[in-house]
Amino acid sequence: MRIGVLGLQGDFREHLTVLRSLGIDARDVRTKEQLDEIDGLIIPGGESTTMAYLLERTGMLSVLRERGAQGFPIYGTCAGMILLARELKDSSPENRLALMDITVKRNAYGRQLESFEADLQIKNIGEFHAIFIRAPKVVRVGPAVEILAEHEGTPVLVRQKNLLASSFHPELSSDPRVHQYFLEIVARG
Amino acid sequence: MERLTGTFKVKSGLAEMLKGGVIMDVVNAEQAKIAEKAGAVAVMALERVPADIRAAGGVARMADPKKIKEIMDAVTIPVMAKCRIGHFAEAQILEALGVDYIDESEVLTPADPEHHIDKWQFKVPFVCGARDLPEACRRIAEGAAMIRTKGEAGTGDVSQAVRHMRLMNKQIRIVRQASDEELVSLGKEWGAPVEVLRLIKELGRLPVVNFAAGGIATPADAALMMQLGCDGIFVGSGIFKSEDPEKRARAIVMATTYYNDPKVLAEISEDLGEPMPSISAIHLSERELLQVRGN
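Protein sequences appear in the order of chains A and B. Following the working numbering, the numbering of the first sequence begins with 4 at its first residue and continues without gaps. Following the working numbering, the numbering of the second sequence begins with 281 at its first residue and continues without gaps.
Wrong hints could be hidden among the right ones.
Each computed BS3-like pair below joins lysine-lysine, with the alpha-carbon atoms no more than 30 Å apart [to be verified]:
{"#": "1", "chain 1": "A", "residue 1": "Lys140", "chain 2": "B", "residue 2": "Lys347"}
{"#": "2", "chain 1": "A", "residue 1": "Lys35", "chain 2": "B", "residue 2": "Lys527"}
{"#": "3", "chain 1": "B", "residue 1": "Lys468", "chain 2": "A", "residue 2": "Lys92"}
In short, the hints are calculated from the structure, not lab data. Predicted model, so just to flag it, every value in this text is computed and none were measured.
Here chain B stands alone, though its shape is the one from the complex (with noise of 0.2 Å):
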C-alpha cells in the first residue's frame, strides 16, 4: 500500500501533537536533555538564545548544522531549527538534515527584504510568526503549517505576545461575522488572501495551530497567553536564562496544562529563583524591535 509523505495533513497533524505543550530553546545536547526531562514537547535547535542574539547584535543565521545534530542526537522528541525570514537555501540545509520543523523566525536577520519562503517546496512543516490575522493568512498561504505570536523575543516582556494574541482573536470574530462580500472587502482592505479568511471563517478558527512566544518568561506567563487561546507555548530565553531552568522549565510546563486552576498555578510558582533579566518592550526603539521583521 502506498505511502503519502510530505502532505499538508501531515506537516499541520505534528503541530496538532504538540499542543497543551512546551517548545524551548535550547543551545546544546544537555540543556536538550534537560527539557525533554522536564516534559517539553520539542526543542527549538539554536546557536544562541534570543537574549543573545539581541545583545550581540550584527547578523543572527542559522546555526551550525552540528550543533544541530548533537541536539538531534540527545532527545527523542522533535527537534525544530530557525531559518532567516526567505532564506530558502538554508531551509534546504535544515531539511537535508531532518528536522522535524523549520521556524522561518525574525529573530534571525531577514534574507530577504520583500519575500518569505515558498513553503510549498518542501516536505518539512514550516511554523511562522505573526503580529495578527493578515500576516498569519499571508503566512498559511504560502505553506506555513503552524503559526505563532511574534511577540517580543528576548525581552521577558509578554506584553507583545498578549497584544498579538488578543489582535489576532479580535479579527477571528470579525472575519466569522463577515458576509461573503465583506470577506473580499477585508482581504483587500488587510492585505490577506481571501482563500484562507473564507477557510477561517468556515472553520470559526484559523486552520493551523497557533502557539505564543515572544516574552514569555514565567508559569503565569504561559497560563494567560493559554487562556487567551493559542494552543501551546513557545519559551525561548525564559527558561535557560533563568536561575534555576530545570525548575522553571517544569513550572512552565505544569502551567500550560493547568493553565485555568490557579491553586495549582499558584504552588508551581512558588520558589523558582530569579526569572530571565528582561527589558520593557515599550522602551525599545523601532530599530530594536524584531517583531517588524518580515511582514
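Pulled out of the complex, with its shape left as it was, chain A reads as follows (with noise of 0.2 Å):
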C-alpha cells in the first residue's frame, strides 16, 4: 500500500512523517502524474485558496474529482475538508473537489485567537486530543455521510464511504490512530 500526501502546500511533512511511523510507504504529491502511483490520498491541512489555485492550475483537480468519485480514497484534515465540500456557506464555491455532501463554512470558530485544543470521543477509536486551526465547521451533514466524531454538537470527523474529513489536525496530535482508521479504508477498496 502506497499513500500521497499533497504536496502543494501546508503541513504535509506532519502527514508523512507519521503514516512513515506506521511503516507505511508514503510520499507528498505535487503533480497529476504522481496520483498514479499512490493507493490513497490525505490532503493536508494549510490554506485552502492557495491550494485549490495550484490544484486546478496543475491539472489535479479534475483528475482527483474524477477518482474520488468512483471509490479512491481521500481523507481531507481542515483545508482538505474545504476542498472535499460539496457546498461552502458565505465563500465562493469554484475551484474546489466537492466531492462529500457536507456544507462546510470556513474560518467558523474565529479567527486565530480562537485556535483551540479540546478532547474527543471518536466512534471505534475513543478519546482523542484533538487540534483546530482556524477551523472550518461542518454546518450541514447529507444522509450517506457518517459522523464519527462532534464537538460541541458540531461534526469534526465525518465519512462518506472512501472519503473521509475531519476539521481538526490529528497529524499535530502525536496520535496515529485516525491515520490508522483511514489506512483501513483504504486498505479495504
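Assemble the dimeric complex from its two separately framed chains, guided by the hints.
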C-alpha cells in the first residue's frame, strides 16, 4: 500500500511523518502523474485557497475529482475538508473537489485567537486530543455521511464511503489512530 | 468539553499550516485581494512596504488600525501585522484587533533598545526575525512561535537572507554534533538559552517553522531559499513594487511549491516584467541596515 500526501502547500511533512512511523510507504504528491502511483491520498492542513489555485493550475483537480467519485480513498484535514465539501457557506464555490455531501463554513470558529485544543470522543477510536487551527465548521451533513466525532454538537470528523474529512489536525497530535482508521478504508478498497 | 486557546501548540500550529506558502506585504484591501487570488497563504498588513519605509526614513510605527481592519475584512486568509521591537502596547492593540499573527519587526523603528516583547503574555502568536541560530533561540525563549531570516528588507537583494539561512543551517549542524557539555559552552559563547539548544539537538532542527524574508524579489529567489531549507517565503516590497504584481505573485507562489523543478521554474520566470527597483545590500552603510536592529 502506498499513500500520497498532497504536497502543494501546508503541513504535508507532518502527515508523512505519521504515516512513516506506521511503516507505510508514503510520499508527497505534486503532479497529476504521481496520482497514478498511490492507493489513497491525504490532503493536509494549509490554506485552501492556495491549494485550490495550485490544484487547478496543475490539472490535478479534475483528475482527483473523477477518481474520488469512483471510490479512490481521500482524507482531508482542515483545508482538505474545505476542498472535499460539496457546498461552502458564505464563500465562492469554484475550484474545489466538491465530493462530499456536506456544507462547510470556513474559519467559522473565529480567527487565530479562537484556535483551540479539545478532547473528543471518536467512534471506534475513543478519546482523542484534537487541535483546531482557524478551523472550518460543518454546518450540514447529507444522508450518506456518517458522523464519527462531534465537538459541542458540531460534527468534526465525517465519512462518506471512501472519503474522510476532519476539521482538526490529527497530524499535530502525536497520535496515529485517525490515520490508522483511514488506512483501513484504503486497505478495504 | 473544555477548549484550550492560546497554547503554544495552536500558535506554532498556524505557522505549520503556512509552510510551503508565500506571505505577501499589502498596503490596502485591493492589494490583499490580489495576493489572495494569486495564492498567498497570508498577508502582512502595512501602511508602507519596506522599500518605502527605507526611502521615507524617520520613525516607522505600527500601521493605523483602520488600515489593518480594512485588510482583515477583505480576505479570508490569515492577516499578520507588524509592531515595533519591544513595543508591547502596539502588540496589545494588534491582539485586540484580532490579527492572526504579529511580526515583531526590525523593519519598524525599535521601541526598546534593550528588550524584545515577552511574547508568552499573549494569546496571539508572534514571528520574529533572526540572523543566526543564537538570535533565533533568544526569540523562541521569549515565546516566538515562528522565525524568519531578517535578510535585508526593502532591497530586492537576496544575499543577506541567503547568508542568514546558511549560517543558521551551519549552526544547527554544530548543535546536532555537540555533546551535552558542549551545548552548555555553546550557549555561553553564543548567548543562546541552553534549553532551546537542547530542544534543537533533540529534534535535529528548529522547534518552530522558519521562513525566508528580506530581499526576495523573483521566483528564482524563492526557489533558492526553499532549496536552502527554509519552510516558506515572505515577500515584502518584491511584489507590489514590481511592474506586474499579479503575475509575479502567482509565479512566486508556484516557485515556492515547485522549488525543486527547474523546468517549471524556467516556465514561470518568463516575461514577468521589471522586478522591484533594487539596491545592493553591501553598498548600504551600517546606519542604513535594518538587520542590525534588535539582536
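Structure-based check of each hint:
1. A:Lys140 <-> B:Lys347: Within the cut-off at roughly 28 Å; holds.
2. A:Lys35 <-> B:Lys527: It holds: about 23 Å lies between the C-alpha atoms, which stays within 30 Å.
3. B:Lys468 <-> A:Lys92: 54 Å, violated
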